[in-house]
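Starting from the structure of chain A, add chains B, C and D where the hints point.
Protein chains in written order, with my numbering: chain A, 1 to 93; chain B, 1 to 93; chain C, 1 to 93; chain D, 1 to 93.
What the hints contain is simulated information worked out from the structure, not anything from laboratory work. Relax, there's no trap hidden among the hints.
Note that identical chains are pooled: a pair holds if it fits in a single copy or bridges any two copies.
Okay, derived cross-link-like pairs now, EDC-like style, lysine to aspartate or glutamate, Cα gap no bigger than 16 Å in a straight line:
1) Lys-9 - Glu-32
2) Lys-93 - Glu-51
3) Lys-17 - Asp-31
On a predicted model such as this, the values are computed, not experimentally measured, just so you know.
Number of protein chains: 4
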Amino acid sequence: MAHGYLGDKAAHLARLKRIEGQVRGLHRMVDEENYCIDVLTQVSAVTKALESVSLALLAEHMEHCVVEAARAGDEQAGVKIDEVMAAIARLVK
Amino acid sequence: MAHGYLGDKAAHLARLKRIEGQVRGLHRMVDEENYCIDVLTQVSAVTKALESVSLALLAEHMEHCVVEAARAGDEQAGVKIDEVMAAIARLVK
Amino acid sequence: MAHGYLGDKAAHLARLKRIEGQVRGLHRMVDEENYCIDVLTQVSAVTKALESVSLALLAEHMEHCVVEAARAGDEQAGVKIDEVMAAIARLVK
Amino acid sequence: MAHGYLGDKAAHLARLKRIEGQVRGLHRMVDEENYCIDVLTQVSAVTKALESVSLALLAEHMEHCVVEAARAGDEQAGVKIDEVMAAIARLVK
Numbered sequence: 001m002a003h004g005y006l007g008d009k010a011a012h013l014a015r016l017k018r019i020e021g022q023v024r025g026l027h028r029m030v031d032e033e034n035y036c037i038d039v040l041t042q043v044s045a046v047t048k049a050l051e052s053v054s055l056a057l058l059a060e061h062m063e064h065c066v067v068e069a070a071r072a073g074d075e076q077a078g079v080k081i082d083e084v085m086a087a088i089a090r091l092v093k
Numbered sequence: 001m002a003h004g005y006l007g008d009k010a011a012h013l014a015r016l017k018r019i020e021g022q023v024r025g026l027h028r029m030v031d032e033e034n035y036c037i038d039v040l041t042q043v044s045a046v047t048k049a050l051e052s053v054s055l056a057l058l059a060e061h062m063e064h065c066v067v068e069a070a071r072a073g074d075e076q077a078g079v080k081i082d083e084v085m086a087a088i089a090r091l092v093k
Numbered sequence: 001m002a003h004g005y006l007g008d009k010a011a012h013l014a015r016l017k018r019i020e021g022q023v024r025g026l027h028r029m030v031d032e033e034n035y036c037i038d039v040l041t042q043v044s045a046v047t048k049a050l051e052s053v054s055l056a057l058l059a060e061h062m063e064h065c066v067v068e069a070a071r072a073g074d075e076q077a078g079v080k081i082d083e084v085m086a087a088i089a090r091l092v093k
Numbered sequence: 001m002a003h004g005y006l007g008d009k010a011a012h013l014a015r016l017k018r019i020e021g022q023v024r025g026l027h028r029m030v031d032e033e034n035y036c037i038d039v040l041t042q043v044s045a046v047t048k049a050l051e052s053v054s055l056a057l058l059a060e061h062m063e064h065c066v067v068e069a070a071r072a073g074d075e076q077a078g079v080k081i082d083e084v085m086a087a088i089a090r091l092v093k
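Just chain A, same shape as in the assembly (with noise of 0.2 Å):
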């Protein structure tokens, strides 16, 4: 069964490369001894480019994996189901 993202596979790829730089990024401004708010202002533009790998990941597996395990059966569903519901509270917590 091909993962969910696979089809943006190369999307995935450019937002991640994408996010390294911008941790650099914060390194960088560490290391030049930024003020801590513009650094703390960087920090969250990290989180909401990670929030939102995540949430695209998150409805990819739904479209696909979610979906073909629930038409497999109901233990399958629910395995899948019991996982990706793992998945989101973390991302909630």
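What follows is chains B, C and D alone, placed relative to chain A:
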């Protein structure tokens, strides 16, 4: 007025370097087509690591910059608290 | 299609009744001029209780409504997943 | 030392009364077996309302209690900031 976090500059830089590595690890997980839920779990871990960076920076900012501004007078205190409340709102939202 | 949460309706009603009582308790704390931090601690407790209600409702919605829609066909599944992803985004943001 | 929020006590009490009403509305939605997503949407609205209460209380606490403690001396400032950072961590987590 030296920024609050400079006393822990090395620790912050090390943390951010680790987070940069974690994001690179995420990139590799997607590139190697790991299971969606495993990628989501790692995204949550990176988000939590960033949360810790934010709270540490915020505490040091409060202990130094906010306290100094409070002692400098009502106007400086007001400006500094409005600024830090905006940063906290971004963290909470 | 009966809603997913109806199997646990009594439990949800009891939880919401408790949360209503907690909010009344917050009102009393402010009215009796309790210390700010103690009020904030109680607000966080109410927020956590609401979070649990959300995650429980979401799980039941997934187990019933989303699974049924997945089995009914691609179009129904798509509508249902868009809807649940919007709810998750509101929870996460 | 009067708590920071007492200047806005009436506004906080009114907000909390509204939130109590919103939670009662949630109870009614579940009792009348409203659609899961509609109930979830309302839970998110109540959570957002509580978030605003928290941020308002926090700002007033900072403007009064934290500033007063900062001016009273390093030890009082340290205790107050540890306390407020613990409250912020609960809000963020």
